[in-house]
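S.K.: Quick note: the sequence shown uses my numbering, first residue 1, plus one each step.
Accuracy of the hints is not assured; some may be wrong.
Said to hold, decoys possible - Think about it this way: if two alpha-carbon atoms lie no more than 20 Å apart in a straight line, the pair counts; the simulated PhoX-like pairs of lysine-lysine are: (1) Lys376 to Lys26; (2) Lys6 to Lys376; (3) Lys25 to Lys35; (4) Lys376 to Lys25; (5) Lys179 to Lys108; (6) Lys35 to Lys248; (7) Lys169 to Lys179; (8) Lys259 to Lys248; (9) Lys376 to Lys31; (10) Lys35 to Lys6; (11) Lys376 to Lys169; (12) Lys6 to Lys169; (13) Lys284 to Lys259; (14) Lys255 to Lys284.
Said to hold, decoys possible - Ranges of calculated distance between the beta carbons of each label pair, as one might list FRET restraints: (15) Gly111 to Leu142: 28 to 34 Å; (16) Thr156 to Asp20: 31 to 37 Å; (17) Asn349 to Arg68: 33 to 39 Å.
In short, the hints are calculated from the structure, not lab data.
In this text the structure is predicted, and so the values were computed from the model without any measurement.
Note that the Cβ used here is the ideal one computed from N, Cα and C, for glycine as well.
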Amino acid sequence: MTMEIKVCFLGSARYEQPLDATSEKKFRALKSLGKLFVIGFSQDLCTRTFTEHAHFYLMPQCRLSVIRYAEMFVLGPLLACWLIFRHGVQVLVAQSPYEGFAAALAKKIAGWLGYRIVLVVESHGDFEESLFLQRRVALAGLYRFLMRHAARFSFTHADSLRAISNSTKLQLERQSPGKPIVRFPAWTDIEVFLQAGGSREQNFPQSILYAGVLTPLKGVHHLINAFVGLAQEFPQARLVLVGHEENKSYAAQLKEQVKRFGLDERVQFIGVMPQVELALWMRKACVFVLPSVSEGLGRVVVEAMATGTPVIGSNVGGIPEIVEDGSTGFLVPPADQKALAEKIRWILNNPEEAREMGSRARLFAAHLFSTETYVKGYGQIFEAAQPSIEQEEQKHAASSL
Numbered sequence: 001m002t003m004e005i006k007v008c009f010l011g012s013a014r015y016e017q018p019l020d021a022t023s024e025k026k027f028r029a030l031k032s033l034g035k036l037f038v039i040g041f042s043q044d045l046c047t048r049t050f051t052e053h054a055h056f057y058l059m060p061q062c063r064l065s066v067i068r069y070a071e072m073f074v075l076g077p078l079l080a081c082w083l084i085f086r087h088g089v090q091v092l093v094a095q096s097p098y099e100g101f102a103a104a105l106a107k108k109i110a111g112w113l114g115y116r117i118v119l120v121v122e123s124h125g126d127f128e129e130s131l132f133l134q135r136r137v138a139l140a141g142l143y144r145f146l147m148r149h150a151a152r153f154s155f156t157h158a159d160s161l162r163a164i165s166n167s168t169k170l171q172l173e174r175q176s177p178g179k180p181i182v183r184f185p186a187w188t189d190i191e192v193f194l195q196a197g198g199s200r201e202q203n204f205p206q207s208i209l210y211a212g213v214l215t216p217l218k219g220v221h222h223l224i225n226a227f228v229g230l231a232q233e234f235p236q237a238r239l240v241l242v243g244h245e246e247n248k249s250y251a252a253q254l255k256e257q258v259k260r261f262g263l264d265e266r267v268q269f270i271g272v273m274p275q276v277e278l279a280l281w282m283r284k285a286c287v288f289v290l291p292s293v294s295e296g297l298g299r300v301v302v303e304a305m306a307t308g309t310p311v312i313g314s315n316v317g318g319i320p321e322i323v324e325d326g327s328t329g330f331l332v333p334p335a336d337q338k339a340l341a342e343k344i345r346w347i348l349n350n351p352e353e354a355r356e357m358g359s360r361a362r363l364f365a366a367h368l369f370s371t372e373t374y375v376k377g378y379g380q381i382f383e384a385a386q387p388s389i390e391q392e393e394q395k396h397a398a399s400s401l
């Protein structure tokens, strides 16, 4: 008889009690695979523990990244070890190769004490460069050195790896040749966006939408530059930018850029919003644009496609895997403002063809990105870990006789 597997997810994600709707659906789906534990961060400076489909152990969320790293690399392994010894956790899943350092350290400590732990290290993007594309990093050389060695330690002790796209899979293969890799997309609350698309109304006239964090990595400044000429050609067109100002300096530069071109009345900045509200904005847009210079998969592109909105994305990372150029959307070279403007212009000039493109995009998203696909992916990982877990259980049972 197969025993219930006990899994701990360890990463830098932030949670609150009760869980937001998207996280609640995610962990409600995953709990069918076993008993779940989560080590992450709270939304404030308080530690928190609660149970909602999984057992959450949250560290304080400090604004200084160096302190958050210290928490992850010091408190993270201690918490993971406690869960191993106290609750019998058998599998550690690290959100990235850097969080993987904390999980690998916990695995090593547990191993010294006779516990065999299975470690899965995930990659959700270009873990080597994405941080430096998001913001200016002080002592960048030292950061690169430490992160490179942290990732190497993670890969050395990992039993298997998880990639969310072919591009992240290739990077993992270069870094850790020979390690088994399971590939499946990141979690997307696809039903919310499919439902919004199911009641799709006439598009708002010439509304161009971006959604995501405001960092240089996302290339929003290229989108604004592309919009400058279009604003004169299409007097009714407007640009809507939805997302968290993660990089305050960059966000201020974007607003100054808009002001410099005299587009204050044509470009709208909107903060973070619930998924249900975002789905409505996507449904009403005539096109969704993701002009990233680097991207692991581009989950927000999938969400826009699910609402039936045509998409334009940079030809980088995992975006080409989900956007079929000329069929479900368009691909443009990263940072190519002229190409970006040309594709947006085509959408604005060809609304009927664009709607047909959006319909094809919706069918693709519904077929490929489902809760079942996501749960099945983790099921494969945990199934592969089962022999090691059963062997460990038998060893401990024998030693207790």
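S.K.: Evaluate each hint against the coordinates.
M.R.: Hints, one by one, checked against the model:
For a cut-off of 20 Å, the pair hint linking lysine 376 to lysine 26 stands: about 13 Å separates their Cα positions. Restraint check: the Cα-Cα separation between lysine 6 and lysine 376 comes to about 17 Å, which is no more than 20 Å; the hinted pair holds. For the proposed pair lysine 25 and lysine 35, the alpha carbon gap of about 16 Å is at most 20 Å, so the pair holds. About 15 Å separates the Cα atoms of lysine 376 and lysine 25, which keeps this hinted pair within 20 Å; it holds.
Taken as a hint, the lysine 179 and lysine 108 pair is honoured in the structure, with Cα atoms around 18 Å apart against an allowance of 20 Å. Under the criterion of a C-alpha separation no larger than 20 Å, the hint pairing lysine 35 with lysine 248 is inconsistent with the structure, at around 39 Å. Only pairs whose Cα atoms come within 20 Å are accepted, and lysine 169 paired with lysine 179 is accepted, the gap being roughly 11 Å. Simply put, lysine 259 and lysine 248 have alpha-carbon atoms about 17 Å apart, close enough for the 20 Å limit, and the pair holds.
Proposed proximity of lysine 376 and lysine 31 is supported: the alpha carbons are some 12 Å apart, at most 20 Å. Between the alpha carbons of lysine 35 and lysine 6 the distance comes to roughly 5 Å, so the proposed pair stays at or under 20 Å and holds. Between the alpha carbons of lysine 376 and lysine 169 the distance comes to roughly 18 Å, so the proposed pair stays at or under 20 Å and holds. With a C-alpha separation of about 26 Å, the suggested pairing of lysine 6 with lysine 169 is violated against the 20 Å cut-off.
With a C-alpha separation of about 25 Å, the suggested pairing of lysine 284 with lysine 259 is violated against the 20 Å cut-off. About 24 Å separates the Cα atoms of lysine 255 and lysine 284, which puts this hinted pair outside 20 Å; it is violated. For glycine 111 and leucine 142, the hinted distance range of 28 to 34 Å is satisfied, since their beta carbons lie about 30 Å from each other. A hinted range of 31 to 37 Å holds for the C-beta pair threonine 156 and aspartate 20, which are about 35 Å apart.
A hinted range of 33 to 39 Å for the beta carbons of asparagine 349 and arginine 68 is inconsistent with their spacing of about 47 Å.
In this structure, the earlier hints numbered 6, 12, 13, 14, 17 are contradicted, and the remaining ones agree with it.
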